[in-house]
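Novice: The residues making up each chain are set out below.
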Amino acid sequence: MAGAAIRQGREWRLALPLTAFFLAFFVAPLCLLISISFQAESSMNGVLGLNQYAAFIGDRLNLEVLSDTLLLGVKATVLCLVFGYPLAWLITRVSARLQSLLIFLVILPIVTSVVVRTFAWIVILGRRGIVNDVIMALGLSSTPLRLLFSETGVIIVLTQVQMPLMVLPLVTVLQRIDPNLASASQALGAGAWRTFFKITLPLSMPGIIAGTILTYTACVTAFVTQSLIGGSRLLYMPMLIFQQAMDLQNWPFAAAVSVLFMISVLVIVGLLVALSRSRAAKLYG
Amino acid sequence: MFDLTRRHLLAATAAAAGASLLPRGAFAADELVAATFGGTWANVQKQVLAPYFTKKTGASVVQSPMLATEQIAKLTAAKGGQPPFDVAMLDEGPNLAAIDAGLVEKYDPAKSPNFASLSPHFQTEYGPAITMQAIGIAYNPKTVKTPPTSWADLWKPEYKGRVGITSLASTLGLAFLLDINRLEGGTEASMEPAFKKLKTLLPNLAAVSANFGAHGALFQQGEVDIGVQNFNFAEELKAKGVPIEFVRVSTGTPAWKTTMHIVKGALKPELAYAYIDSQLSADVQSAMQKSPWNVIPTNSKVAYEGLVASKIAKSPADLDKMVFFDWKKVNQGRAEWTQQFNREIRV
Chain A
1 MAGAAIRQGR
11 EWRLALPLTA
21 FFLAFFVAPL
31 CLLISISFQA
41 ESSMNGVLGL
51 NQYAAFIGDR
61 LNLEVLSDTL
71 LLGVKATVLC
81 LVFGYPLAWL
91 ITRVSARLQS
101 LLIFLVILPI
111 VTSVVVRTFA
121 WIVILGRRGI
131 VNDVIMALGL
141 SSTPLRLLFS
151 ETGVIIVLTQ
161 VQMPLMVLPL
171 VTVLQRIDPN
181 LASASQALGA
191 GAWRTFFKIT
201 LPLSMPGIIA
211 GTILTYTACV
221 TAFVTQSLIG
231 GSRLLYMPML
241 IFQQAMDLQN
251 WPFAAAVSVL
261 FMISVLVIVG
271 LLVALSRSRA
281 AKLYG
Chain B
1001 MFDLTRRHLL
1011 AATAAAAGAS
1021 LLPRGAFAAD
1031 ELVAATFGGT
1041 WANVQKQVLA
1051 PYFTKKTGAS
1061 VVQSPMLATE
1071 QIAKLTAAKG
1081 GQPPFDVAML
1091 DEGPNLAAID
1101 AGLVEKYDPA
1111 KSPNFASLSP
1121 HFQTEYGPAI
1131 TMQAIGIAYN
1141 PKTVKTPPTS
1151 WADLWKPEYK
1161 GRVGITSLAS
1171 TLGLAFLLDI
1181 NRLEGGTEAS
1191 MEPAFKKLKT
1201 LLPNLAAVSA
1211 NFGAHGALFQ
1221 QGEVDIGVQN
1231 FNFAEELKAK
1241 GVPIEFVRVS
1251 TGTPAWKTTM
1261 HIVKGALKPE
1271 LAYAYIDSQL
1281 SADVQSAMQK
1291 SPWNVIPTNS
1301 KVAYEGLVAS
1311 KIAKSPADLD
1321 KMVFFDWKKV
1331 NQGRAEWTQQ
1341 FNREIRV
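Going down the list, the sequences are from chains A and B.
For what it's worth, my numbering labels the leading residue of the first sequence as 1, then goes sequentially.
For what it's worth, my numbering labels the leading residue of the second sequence as 1001, then goes sequentially.
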């Protein structure tokens, strides 16, 4: 009994290993990255300055690449939400057996390697791919459509690949909504759509926001998909960073680009979190 | 027996974590780690060089496929500590960058008996050239009926949306741009002519691959019908049954040396010398010259045969006629060209 009392209030120590791991392998490298970004010269001779940041902002191409990347994330995330929400809703409405089957199908993309998945998509979207074969067989177009190496292709693939990140939080939240609420709404005379917009949608907002944050951050940083499906003619931030760090060995510039990219994504995530707080306050406050 | 206490569990976890953090080489006494390139090179060195080396020394080798730039990044990151590999394999541009950054050792000919058999211009101070890489045009003979003869063919209107090139991340893309520049009257000091010419190629481009690995797949999947390609890689694809033909361009074949180096601070310098020396031996080089690899030999005791003789060079004198670039200047301009390339080819 006495031992148990002493142990009480010390559970936080269970988090120590993970914290140490995080400090050593995430926080420390991140600090290193930030400090490298303030090196003025690509040779990293110790002279400090904001030169790398100025160089990034001074070139319009870089700013266009940043906005293209952030927009790409928006487009893919919206599609994930549009397709993912009905799927998540369906998953909460079917029998238990069908439910596990659907969830298995949803997480299937996560359990295959991203490189394998992306190469499969190259085969599907290619000039001689399945999609183009079907389109041409149906006579919808006489020449193959350019799906690979186009933004459309990148968005299609990102939507499929990142779908689980949207669907799983949505399922969790939708399952927790008391079905009596919808019945009550309908008993009081609201139609199916009104019930959806007034009851289900607002209550599922935390899931939408969690899914959006996860999907968005995964889409904008999806280096493999962006570079293999997009090719070199579509340039997004992860490729820009890779180019500078690996091809050109300009680590300070690459670090500065990474920091700016991280800040941009954090701002967007922050806005979404703020939105969810205000929604929660409205609903439960 | 299975009385696991918290302490045991902790100890086991710590041991497992510790083992994974141990520096390499803590277990294997006689294991060399050598960098290689992906694709053809990883295959040929695994099948020809590794067994030869092991037979000669009794040691084993781990061959790790990496881009040249990736090798430099890893060596730079490990500077002052233990390098992650003992032997580097680099193309000419990254080779000079590695020497400048002090990442590789001077090569001591006394420790490498086969070094003396190389033609003099392959006996470079910081590590011997193990081959020449030559580039030209590859095309799909099923869809391209008239075999191309020069780079100008890539600009033909009939190839609208069917041409493939690579970004400047690969030496292939860089050498192509440099050669276009040379033909348009530019030099390594001014690349404007190349970029002006590149702009007119845009309507014909089906794809600009982000890297060399992705480039090979384009031909395999019929995404492109014609484009720049490396001799060895095109011939290997053809041997695999991909409809692809390689031709040299009439204006001279752009080529560069690929070299091997002892990494500064290498953990197994003796084995590293033995490994590079094996790659220089007549036995290994003549085996590598056979199809499907067709690696151009640098050991003067190995006569040119097969596709190397019929498509690239009949004698060492033919190699001298190839087109070479000033990679020192290329390294200076590369950052600026990469950004300009990004800008010009952007959709």
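Keep in mind the hints are simulated off the structure, nothing from the lab.
You may find that some hints are simply not true.
Dumping the calculated EDC-like pairs for lysine to aspartate or glutamate here, alpha-carbon to alpha-carbon at most 20 Å [as the list claims (entries may be wrong)]:
| hint | chain 1 | residue 1 | chain 2 | residue 2 |
| --- | --- | --- | --- | --- |
| 1 | B | Lys1142 | A | Asp133 |
| 2 | B | Lys1079 | A | Asp133 |
| 3 | B | Lys1238 | B | Glu1305 |
| 4 | B | Lys1074 | B | Asp1108 |
| 5 | B | Lys1079 | B | Asp1100 |
| 6 | B | Lys1264 | B | Asp1153 |
Now the stretches of chain A that chain B is said to cover, found in silico as 3 or more residues with beta-carbon under 8 Å [as the list claims (entries may be wrong)]:
| hint | stretch |
| --- | --- |
| 7 | 121–128 |
| 8 | 241–247 |
Derived, one-sided and incomplete: chain B residues facing chain A with beta-carbon distance under 10 Å [unchecked claim]:
| hint | residue |
| --- | --- |
| 9 | Thr1069 |
| 10 | Ile1072 |
| 11 | Ala1101 |
| 12 | Ala1110 |
| 13 | Lys1111 |
| 14 | Ser1167 |
| 15 | Leu1202 |
| 16 | Ala1206 |
| 17 | Val1208 |
| 18 | Gln1221 |
| 19 | Val1224 |
| 20 | Ala1303 |
| 21 | Thr1338 |
| 22 | Gln1339 |
| 23 | Asn1342 |
Quick reminder that beta carbons are idealized off the backbone N, C-alpha and C, glycines included.
Novice: When the nearest CB of chain A is found for Ala1101 (chain B), is that gap smaller than 10 Å?
Specialist: 8 Å, holds
Novice: Straight-line Cα separation of Lys1264 (chain B) and Asp1153 (chain B) no greater than 20 Å?
Specialist: 45 Å, violated
Novice: Does the structure keep Lys1079 (chain B) and Asp133 (chain A) at a Cα separation of 20 Å or less?
Specialist: At roughly 52 Å apart (the allowed maximum being 20 Å), Asp133 (chain A) and Lys1079 (chain B) break the hint.
Novice: Quick one, are Lys1074 (chain B) and Asp1108 (chain B) close enough, alpha carbons at most 20 Å?
Specialist: Answer violated: Lys1074 (chain B) to Asp1108 (chain B) is near 24 Å, above 20 Å.
Novice: Using the nearest Cβ pair, does Gln1339 (chain B) come within less than 10 Å of chain A?
Specialist: The hint holds - Gln1339 (chain B) has a Cβ within 10 Å of chain A, the shortest such distance being about 7 Å.
Novice: Does Ile1072 (chain B) pass the interface hint, meaning its C-beta sits closer than 10 Å to a C-beta of chain A?
Specialist: Hint holds; Ile1072 (chain B) Cβ to chain A Cβ min 6 Å, cut 10 Å.
Novice: Quick one, is the Ala1110 (chain B) hint okay against chain A at 10 Å, beta carbons?
Specialist: Status violated, d = 32 Å.
Novice: Would the pair Lys1142 (chain B) and Asp133 (chain A) pass a check requiring their Cα atoms to be no farther apart than 20 Å?
Specialist: 19 Å, holds
Novice: Using Cβ atoms only, decide whether Ser1167 (chain B) comes closer than 10 Å to chain A, and label the hint accordingly.
Specialist: 4 Å, holds
Novice: Between the stretch 121–128 of chain A and chain B, see if three or more residues pass the 8 Å beta-carbon test, and mark the coverage as holds or violated.
Specialist: holds (count 5)
Novice: Hint validation: Thr1069 (chain B) versus chain A, beta carbon distance must be below 10 Å. Holds or violated?
Specialist: 5 Å, holds
Novice: Verify the interface restraint on Val1224 (chain B): the C-beta must sit less than 10 Å from at least one C-beta of chain A.
Specialist: 9 Å, holds
In summary, the numbered hints that this structure violates are 2, 4, 6, 12, 13, 20.
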